[in-house]
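J.: Listed below, chain by chain, are the residues.
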Amino acid sequence: MGRDLPGRLPVEFAYTGGPSFADYLRVAAPELLPGRRPLPPSGALGDLAPHGTTIVAMTYAGGVLLAGDRRATMGNLIAQRDIRKVFPADTYSAIAFAGTAGIGLELMRLFRVELEHYEKIEGTSLSLPAKANRLAAMVRDNLGAAIQGLAVVPLFTGYDPTAADPATAGRIYSYDVTGGPYEERDFHAVGSGSLFAKSALKKRYSRDVDADGAVRLAVESLYDAAEDDTATGGPDLARSIFPIVALVDADGFRELPEEDVAAVVRSVVEERMQHPGG
Amino acid sequence: MTMPFYASPEQLMRDKSEYARKGIARGRSVVVLTYADGVLFVAENVSTALHKVAEIYDRIGFAAVGRYNEFENLRKAGVRYADVQGYANNRADVRGLGLANVYAQALGTLFTEQPKPFEVEVCVAEVGDSPQRDQLYRLTYDGSVGDEPGYVAMGGQADAISAVLRDRHREDMTLAEALRLAVDALSGTGAERRELTASQLEVAVLDRRRSGRTFRRITGAALDELVAQGTPAEAPADAGAPADAGEPAGESAGAADAESTGKAAEKDTGKSDEAGGEKPAGDADDK
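The listed protein sequences derive, respectively, from chains A and B.
Each residue of the first sequence is one higher than the one before, counting from 0 in numbering that gives the first Met the number 0.
Each residue of the second sequence is one higher than the one before, counting from 0 in numbering that gives the first Met the number 0.
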């Protein structure tokens, strides 16, 4: 890339653009951007790659929760039992995806670097709605691939430290393949099992639920999704594979330790032994 | 008389060097040193927005002296370089040495190609698993790189500050001890001595105990507390340094105590008058 040629400054010194990492990559290393790769002219590519499935999010008193099952499927096959689809985005936000696994993971990584890059260059964080907007631009960049079957839909949650009332500072932003963001109230789900997860939440959710209650609701809704959607993984007690549950509140992002999730999962399964419908 | 159109390369480089050195010498100094749990950055900087010390990546920090717009450009370029490396490879693959080389290349190019060299001095610090594995690289305006053991001082009084650090720096210092040493060194010696307070300092660390992003700034109440912590242990070692204003406040219970503290302070001042003879001048600088 001409880095060591005498008399020329490397691209990172010559760049005069703004604090967006994705914009910088477009100039410095476009091959690293997901939306820039040539795709075959036609045909559905959806069956080529594994798909991640169900993600749920809900606000609770003082924060917001984001949780996902662990399954990735390829057609009728289970491609991976323990894929991770929920990630910290930065101190006050979390992100997860449903859809084509490879592109989804790349989007997660790019978005995390985007936020961190802005923070380092500007010395301050983006506001929560601005983070949601940045993500929309990245989802939109993938539209060409999405039309050919390689769609990715993220779900973005965050705690807004500038909110007037800390109790209602949790925010949920959803997206479609053309971008977004759409701010959701109370709860939302994406992915193949989202219909069932949302139905479960609709009947059980209340706004004044606390963090523990929200965790239980999330585990139950994922259980319901797994019961009716083959692509959503239920809790795998034999292999100790449990959903990933992330909470974002005034203290920032934290992922619930596996043993805590396991305890909730066991108690939900126990209850379902008596009442299969929940 | 005609203008000489020819200047020898030696002359050109000498002029540029002198120009850059003068610019750097005008600025206030920065100290970077290793301590038991990481790498400490201390800059004399009254601004809370225009930083001299910054985060580059998980385990890499940046400190600079000189012209703000010039080292700010270098800092941003460093963040871009590191973020691309980390994104294309892995976060663990971003190393301080790589960044130091990129800076050296750029500064060298700028020094030879541009009519005006950058008036900056930069330190790239990478925190390791132990103080022995910390790496401090010092880069100067012409692109030369130095791998410094344990501490780096840059800016106007770099030589005097280095001398203090050379004598007293140890790798097993606590954070409070390291900060006290850095502040003491930055405060200068003899006639030039002025006491720096927390509000004049920009302090940050790369904390080796943390995973992921190890850089954090120490500001506000946490900094006040840390400065106060370091003070009592070091005060007796340095007769010329009267205790910071904050120190006796919590301790003096009664009038008698206050009086004796006052006397001690008087004694100290007397001593330093004998030793340096320039104390009033130093006091005037305090403002």
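Please keep in mind that the hints were generated in silico from the structure rather than gathered at the bench.
Note that beta-carbon positions come from the ideal geometry of N, C-alpha and C, so glycine has one too.
Any given hint might turn out to be false.
What the hints assert, rightly or not - With beta-carbon atoms standing in for the labels, derived distance ranges:
| id | chain 1 | residue 1 | chain 2 | residue 2 | range |
| --- | --- | --- | --- | --- | --- |
| 1 | B | Lys21 | A | Arg83 | 47 to 57 angstroms |
| 2 | A | Asn75 | B | Gly97 | 41 to 51 angstroms |
| 3 | A | Thr90 | B | Arg169 | 29 to 39 angstroms |
Stated by the list, open to error - Listing some non-contacts, in silico: residues in chain B with all C-beta distances to chain A over 12 angstroms:
| id | residue |
| --- | --- |
| 4 | Arg13 |
| 5 | His50 |
| 6 | Ala53 |
| 7 | Arg74 |
| 8 | Ser129 |
| 9 | Ala157 |
| 10 | Glu191 |
Claimed, not checked - If we take Cβ atoms under 7 angstroms as the criterion, some of the chain A residues that face chain B in the derived model are:
| id | residue |
| --- | --- |
| 11 | Phe12 |
| 12 | Phe20 |
| 13 | Leu31 |
J.: For each hint, tell me whether it holds in the structure or not.
T.: Hint check:
no.: 1; hint: B:Lys21 x A:Arg83: 47 to 57 angstroms; result: holds, 55 angstroms
no.: 2; hint: A:Asn75 x B:Gly97: 41 to 51 angstroms; result: holds, 46 angstroms
no.: 3; hint: A:Thr90 x B:Arg169: 29 to 39 angstroms; result: holds, 34 angstroms
no.: 4; hint: Arg13; result: holds, 21 angstroms
no.: 5; hint: His50; result: violated, 7 angstroms
no.: 6; hint: Ala53; result: violated, 7 angstroms
no.: 7; hint: Arg74; result: violated, 9 angstroms
no.: 8; hint: Ser129; result: holds, 26 angstroms
no.: 9; hint: Ala157; result: holds, 25 angstroms
no.: 10; hint: Glu191; result: holds, 32 angstroms
no.: 11; hint: Phe12; result: holds, 5 angstroms
no.: 12; hint: Phe20; result: holds, 6 angstroms
no.: 13; hint: Leu31; result: holds, 6 angstroms
Checked against the numbered hints listed earlier, the structure breaks hints 5, 6 and 7; every other hint is satisfied.
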